[in-house]
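So the protein sequences, as listed, match chains A and B. Going left to right, the first sequence walks through residues 113 to 409 as our numbering numbers them. Going left to right, the second sequence walks through residues 113 to 409 as our numbering numbers them.
It is worth saying that the hints were derived from the structure and are not from the lab. Some hints here could point you the wrong way.
Note that the list lumps identical chains together, so a pair holds whenever it fits in one copy or between two copies.
[Stated by the list, open to error] The calculated lysine-lysine pairs, modelled on DSBU-like cross-linking and capped at a C-alpha distance of 35 Å, are: (1) LYS141 / LYS152; (2) LYS152 / LYS334; (3) LYS354 / LYS334.
2 protein chains.
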Amino acid sequence: MTTSLVAVDWGTTNCRAFRIGAGGQILEKRANAMGILAVKNANFSGALADLARDWIDTPAAPPVLMCGMIGSAQGWVEAPYVHLPAGLDELGAHLATAPDPRRAIHVVPGLRGMGAAGPDVMRGEETQIVGTGIADGVICLPGTHSKWAVIEGGRIVRFITFMTGEVFSILRRNSILGRLMVEAPHDPAAFARGLVRCQAAGGLLHQLFTVRTAGLLEGLSKEAAPSFLSGLLIGHEMAAVKEQLAPKSATVVGAGALAQNYAIAMNVAGIEAGFVPGEDASARGLYAVARAAGLVR
Amino acid sequence: MTTSLVAVDWGTTNCRAFRIGAGGQILEKRANAMGILAVKNANFSGALADLARDWIDTPAAPPVLMCGMIGSAQGWVEAPYVHLPAGLDELGAHLATAPDPRRAIHVVPGLRGMGAAGPDVMRGEETQIVGTGIADGVICLPGTHSKWAVIEGGRIVRFITFMTGEVFSILRRNSILGRLMVEAPHDPAAFARGLVRCQAAGGLLHQLFTVRTAGLLEGLSKEAAPSFLSGLLIGHEMAAVKEQLAPKSATVVGAGALAQNYAIAMNVAGIEAGFVPGEDASARGLYAVARAAGLVR
Chain A
113 MTTSLVAVDW
123 GTTNCRAFRI
133 GAGGQILEKR
143 ANAMGILAVK
153 NANFSGALAD
163 LARDWIDTPA
173 APPVLMCGMI
183 GSAQGWVEAP
193 YVHLPAGLDE
203 LGAHLATAPD
213 PRRAIHVVPG
223 LRGMGAAGPD
233 VMRGEETQIV
243 GTGIADGVIC
253 LPGTHSKWAV
263 IEGGRIVRFI
273 TFMTGEVFSI
283 LRRNSILGRL
293 MVEAPHDPAA
303 FARGLVRCQA
313 AGGLLHQLFT
323 VRTAGLLEGL
333 SKEAAPSFLS
343 GLLIGHEMAA
353 VKEQLAPKSA
363 TVVGAGALAQ
373 NYAIAMNVAG
383 IEAGFVPGED
393 ASARGLYAVA
403 RAAGLVR
Chain B
113 MTTSLVAVDW
123 GTTNCRAFRI
133 GAGGQILEKR
143 ANAMGILAVK
153 NANFSGALAD
163 LARDWIDTPA
173 APPVLMCGMI
183 GSAQGWVEAP
193 YVHLPAGLDE
203 LGAHLATAPD
213 PRRAIHVVPG
223 LRGMGAAGPD
233 VMRGEETQIV
243 GTGIADGVIC
253 LPGTHSKWAV
263 IEGGRIVRFI
273 TFMTGEVFSI
283 LRRNSILGRL
293 MVEAPHDPAA
303 FARGLVRCQA
313 AGGLLHQLFT
323 VRTAGLLEGL
333 SKEAAPSFLS
343 GLLIGHEMAA
353 VKEQLAPKSA
363 TVVGAGALAQ
373 NYAIAMNVAG
383 IEAGFVPGED
393 ASARGLYAVA
403 RAAGLVR
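Bound-form chain A, shown alone:
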């Protein structure tokens, strides 16, 4: 089938490419680990060709639209940050163009807004968000840097970032708390215990130390400690979300264990959780932005 768009979600650690048909259906997809940090000598043109030359270098020369950290200062071209509120029209109107000698390569801009404590930015998530097709509501994208976005009339009007996933990861790998942990399957009871612990006083920097004392004095096992820590951190994120956005319900983009854990934390916080699949949200978003920009009809 004819390719109407080559859509590329190019992040820090991965590159995912989609060949999209005339009606927006995903015809093929490919991915590799050539995230922008892995590309040598800024040869992004070569890295893209390695992954998708046979889709792009054809007589029809379909348009190429990318999103993610490829549009950052460390990427191929620095795409702007568009101010909120922003939806498909604003994203489509501010595409950047990568300096590729042979093809027209477009890049979706990032977004900037005011978080709860200062300026906030996203790059890549805006495309996933519009890819969900949700026109009104609160969307949660869990991950290394979790994003919560408020959508009104098809436009993102506010969002807040939390470094929850990254803080978990470095505490697990690099802190004294990690020495009290071993690899083990997720422990739902310990996760719930962390959710409860985070409702106590003393702030996060104190509560983190109780991961240690729970092991010393309260019988928390080395197997259960990572789940306890995860509950503590996700619970802190949820408390801030409640305070800032007070949503009755929110849609988690994604599936699997992390999305389930977020849903449980939301439930404990009194937020009703729904789900939309995350896997191809960026491909659907790239197609929608391409239409808004007139790259495809």
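For this one, chain A is given, so just place chain B on it according to the hints.
Just chain B, lined up with the frame of chain A:
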């Protein structure tokens, strides 16, 4: 002069030994990097002898008293955690004895209490605290794991631990925020900016992300970013201290840049800061505990 006590503060990364005279004065001191993690095959007896054999193996055979992580499960002997409230008498009454074949080696117990969110423990800091000689007031020991202790009538009645220093260190070294930083002298203005930022909403996991956006969008330099992060974290600690302990004043154990920064953060939080020297506080504390235990007269 005669040795009345060999006092050893033996922590995770360092070992510091003091030869103490009949009136409690420090006659000599030595230190090396043989913290308990560096001692091979649990040969603590040999490591102690390497540092202080000529003080200990004499005809007079002075008593040896140690404090710190040497009394942990990873140390030479697991000393108990004594429950609060505790002062010199309680510490002196619960000394542990290390299994040394040739000498009597005593170890000060740790303390346990209820922090703000769960059980809390200290090991080593209790000796520094009694070494300050402060009988009533709030004491702050800044560091990897900061401790705040409330002293009444010469006994520690409450304390709270914050993982502030360790969280700073792993964010600086291991997170994406560290990539936005370079080594540079402390920047007092950026530190103050962090103290102000932490008073905003959204919680710590969100505010940490603003270290990144402050660099992208608010002109925070790579040189200033570490000081901003430090202000943010110490400010969070201070907010929890205010909420939990509401002290009008507190005494910082220590000197130098970190103690100064804590004093500034306390000032911004409306807590009057005093100082006592930290360097020999553990030696003075070990001597006081030794007297309470009857090891010296």
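Numbers of unmet hints, in rising order: none
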